[in-house]
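Engineer: Produce the complete structure using the sequences and hints provided.
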Amino acid sequence: GFPGLPGKKGEPGEPAFRYRSAFSVGLASRPPAPNVPIIFTKIFYNEQNHYDVTTGKFRCNFPGLYYFSYQLTVYLKDVKVSLFKKDKAVMFTFDQFKEQNVDQASGSVLLHLQAGEEVWLQVYGDGEHNGLYADNVNDSVFSGFLLYHDADQF
Amino acid sequence: GFPGLPGKKGEPGEPAFRYRSAFSVGLASRPPAPNVPIIFTKIFYNEQNHYDVTTGKFRCNFPGLYYFSYQLTVYLKDVKVSLFKKDKAVMFTFDQFKEQNVDQASGSVLLHLQAGEEVWLQVYGDGEHNGLYADNVNDSVFSGFLLYHDADQF
Amino acid sequence: GFPGLPGKKGEPGEPAFRYRSAFSVGLASRPPAPNVPIIFTKIFYNEQNHYDVTTGKFRCNFPGLYYFSYQLTVYLKDVKVSLFKKDKAVMFTFDQFKEQNVDQASGSVLLHLQAGEEVWLQVYGDGEHNGLYADNVNDSVFSGFLLYHDADQF
Ligand SMILES: [Ca+2]
Ligand SMILES: [Ca+2]
Ligand SMILES: [Ca+2]
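Protein chains in written order, with our numbering: chain S, 1 to 154; chain X, 1 to 154; chain G, 1 to 154.
None of these hints come from the bench; they were simulated from the model. Any given hint could turn out to be false.
Copies of the same chain look alike in the list, so a pair counts if it works inside one copy or between any two.
[What the hints assert, rightly or not] The calculated lysine-lysine pairs, modelled on DSS-like cross-linking and capped at a C-alpha distance of 27 Å, are:
#1 88 - 8
#2 42 - 8
#3 42 - 88
#4 9 - 77
#5 57 - 86
#6 42 - 86
Structural biologist: This is the structure in structure tokens:
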């Protein structure tokens, strides 16, 4: 007899963007303790839970290039913070406070991370530079996201 | 008879960034009216027209995770703005102005949006905090883009 | 005869970010010369070498939509910078300095670029606005990355 009809078409392939990692968190209690990771507990986004709200550290799960960004309200005292990667301060932001002149200090950078490496913000130098402020109508926010994952490693 | 030929191979998976949504707009007329969406009419990028220059609102067309960022020139008066999502202020930025001390205030955050949800900037609190400034050689800019789309919803 | 077997599953979608272009660089020598591209030589990330540390210019290799961001420490003098695209200043950031009141000035924008187009930061106007500062524990950073590439052009 004749051959049967062709089989059904195969399933579509997997969609892109398989690897996602992002967090956006705000300061909720102040002032932050100096020389230890700043703990941000107001959660704007942390679906993958790669930011640990108990330690204040973001942990890289997917090796790749990450973008980090922070905007800090400067009030009552100067602000000097550093972005740490693996126990080393890699970027510094300093903004001085003057009476009746609340300011905003910000930083952003692209960093390549290996799986397991951690990134966090910390008040730098002596403890007098922890003037990061936040309340119900003022924010200090720390965000990060995976921009390009290291495809070859998967 | 013999079985038919195997079916055709399935379609390739969805490519990366099939869904694009991004805008970057600047203040062109000032001062902005308080307690209504700030209208940015200087267009750096708005190819998809998801930012509505008549209402001042960005409208989510593709559910997913979005990054929003703004940098505001603080001149003549204090600046207090809030990023609204669906009629609720979700993030606040405050910067005080002092004579002969123009400042820059900035904010950024990651927010997950459902299709149809709108995001905009608005002067917050009393009307005296609308010191956002812009002219031919000074900018105040509001940007946003789709970072990860919700693949499962397509 | 009977119908054939179903076809094979399709190939995975094109991986995210097949085309990659990103840089993040910091000021290392100061003050920057006015009215020429600012040279950032502290390298946070420049794997593709699309940012030229000898000219201070980022060169677009893949046409598409790019995000640019900078955070500048304002110290000793005022800061007025412009983001240039193809010999034209497209965005301006101004922050005044006051004694004992170090500030942070920032800017960010999305720009569509054609292959070969260059983007850089430059002190704008008279030469007195080059108060960008950086040292071992203070940074001024310029970053950029390809967000969406123009798929149809490949
Ligand atoms: Ca201020
Ligand atoms: Ca200032
Ligand atoms: Ca200051």
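Engineer: All hints are to be evaluated individually against the structure, with a verdict given for each.
Structural biologist: Here is what the structure says about each hint:
1. 88 - 8: Cα proximity of residue 88 and residue 8: none, with 50 Å in one copy and 48 Å across.
2. 42 - 8: This pair counts as neither: shortest intra-copy Cα distance 50 Å, inter-copy 47 Å.
3. 42 - 88: Both: 25 Å inside a chain and 16 Å across chains, each within 27 Å.
4. 9 - 77: neither (63 Å within a copy, 60 Å between copies)
5. 57 - 86: Classified as within; 10 Å inside a copy, 30 Å across copies.
6. 42 - 86: both (24 Å within a copy, 19 Å between copies)
Checked against the numbered hints listed earlier, the structure breaks hints 1, 2 and 4; every other hint is satisfied.
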